[in-house]
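All chains, full assembly: derive it from the sequences and hints.
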Amino acid sequence: LSCAAVLSPHLPRDAKLAIVCGLWSSRDDGRLPVDAVQGVLTALMIGFHRLSILVPSPPAPEEIENDICRLLWVLRKNQPCRGDILAFEEVLLISEMDRSF
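Note that this note's numbering has the sequence shown beginning at 2, numbered continuously upward.
These are calculated hints, taken from the structure and not from any lab test.
One or more of the hints may lead you astray.
[Unchecked claim] Using C-beta positions, here's what the derived DEER-type ranges look like:
| id | residue 1 | residue 2 | range |
| --- | --- | --- | --- |
| 1 | Pro62 | Leu24 | 28 to 34 Å |
| 2 | Ser58 | Leu93 | 24 to 30 Å |
| 3 | Arg71 | His50 | 19 to 25 Å |
C-beta: ideal position from N, C-alpha, C; glycine also.
Following this line, the structure appears as structure tokens:
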């Protein structure tokens with residue numbers, strides 16, 4: 002379901018992120034802890050790999066988690082920890098930054 006939402010050509014980026022955050026968050030506000038973001042990205046990459054959209058094998062979950070923490074460090078200008086929680090707005094900002102590069 003996550004891959005279908007992300008690949009949908011009819012949904013705007015913020016709607017895609019809202020769907021994914023809603024599916025993967027155990028909180029009412031849709032915020033995601035680092036381990037949930039890692040789970041989302043791992044599931045998406047495995048799904049994309051199975052659909053032959055992502056040709057190389059997905060990286061190890063630990064590498065994905067380290068990358069998430071690096072992004073948080075850049076966004077927040079302080080040392081993140083694995084227990085940090087990402088707000089929907091931060092996920093949206095990361096997606097906008099990624100698109101602009």
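Report task. Provide an ascending list of the numbers of those earlier hints which the structure does not satisfy. Result -> 1
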